[in-house]
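S.K.: The listed protein sequences correspond, in order, to chains A and B. According to numbering that gives the first Met the number 0, the first sequence is numbered sequentially starting from 0. According to numbering that gives the first Met the number 0, the second sequence is numbered sequentially starting from 0.
Derived from the structure by calculation, the hints contain no laboratory data. These numbers come from a predicted model, not from an experiment. Please note: incorrect hints may appear among the correct ones.
Covered, in the sense of this in silico footprint (three residues per stretch, anywhere, with C-beta under 8 Å from a C-beta of chain B), are these stretches of chain A [stated by the list, open to error]:
(1) 11–24
(2) 171–184
(3) 195–206
Don't be surprised by glycine CBs; every beta carbon is placed ideally from N, CA and C.
The primary structure of each chain is shown beneath.
There are 2 protein chains.
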Amino acid sequence: MSRVIVSSIGVSIDGFGAGPDQSLEHPLGVGGHALMAWAFTTRTMQQMVFGSSGGATGTDDDFVARGFANIGAWILGRNMFGPIRGPWPDDEWKGWWGTNPPYHVPAFVLTHHARASIAMEGGTSFHFVTDGIHAALARAKEAAGARDVRVGGGVATIRQFVRAGLVDEIHLALGPALLGAGEPLLAGIDLPALGYACTEHVGTAHAMHVVLTKRASVTTP
Amino acid sequence: MSRVIVSSIGVSIDGFGAGPDQSLEHPLGVGGHALMAWAFTTRTMQQMVFGSSGGATGTDDDFVARGFANIGAWILGRNMFGPIRGPWPDDEWKGWWGTNPPYHVPAFVLTHHARASIAMEGGTSFHFVTDGIHAALARAKEAAGARDVRVGGGVATIRQFVRAGLVDEIHLALGPALLGAGEPLLAGIDLPALGYACTEHVGTAHAMHVVLTKRASVTTP
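Could you build all of it, start to finish, from the sequences and the hints given here?
M.R.: Okay, here's the thing in structure tokens:
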């Protein structure tokens, strides 16, 4: 059955899922790059995001690869798509990832500002959804068919989907970054009350990987 | 030079350093036991806290042992000493640890309610300090001499000492526990601004161990 997953979210020692002050120069916020140190050197990340060969195999890579496997559609928050806020000034910005983004399936971007869909190279298409997370999920599920939907981020988007009880599985990488400021990932969210339990944990030199799985029986109030 | 350290504090996926509703049955709060799963099976913990032989060696054990090495005095918050709140009803409560506690040096207990010192077996003595954290630290440093002072916990006590700029080194074990509620360990504390950096990290099957070290040059405002 098609699931909704969150994957490969680095969490700092102090609980942040992104640094503060996102900008063109700091897609993950200031200092946020350190959250993904465990992932950047993996083979999957090198191939899918940076287009290079090589990179490390092993547990860290396995988790990155799991996050890309069997995904039929993505949902991206506006900030994960780009640093522009407010109305789109023009159609120039097409994401952080160049002409051939690492998605290769439809990606639905949450925004308050309508914009025409964009077809990118390699099978990725960006679709702009202005009527909220449930509408975005419905469109993503339809596009994904039997495959899974991945809620890519950023932090605010993940928090919305988790709080609404829409996410079946969350993979986090608890790492050694220390940010001091940024976007808290889980503060104020009672995951056990939402039906989550930690069903898997694997430590590596770079991160403590944890997988949180939601019991199907728990419905959101 | 004598240092002030915090050591072996388990942190949940959701950032808690203790569960909610501490009581006689739940010294670490409800669910808090899971925060220390990485430590309970180690040889050092088995010997020093549970008085049994055996237990696992390796990185987890090394970190527990480091936290007991060269300690000349401890500082304990009232809740780490016991579940009793308010004035002491009598002198019966002498800590969670039986007649021979695992400290074997003077331990200074923060409280608002004066009480006579207690000499325990094995070299541990409990001293009750009613005039605040700086007074407790001065007494602990005097007792420790050239050795280190360890701020044992709980969460509220650690937060007070860290915010006051009094802690030189913090060892945390980021683990797979998921609590949902409890006492957030680091929320609202900007550790880099206080001069801390992560100077060491080691992943094991049970935890991501991180050591945060404070630059000597940073003074608290």
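S.K.: Now tell me, hint by hint, if it's right for this structure.
M.R.: How the hints compare with the structure:
{"no.": "1", "hint": "11–24", "in the structure": "holds (count 3)"}
{"no.": "2", "hint": "171–184", "in the structure": "holds (count 10)"}
{"no.": "3", "hint": "195–206", "in the structure": "holds (count 10)"}
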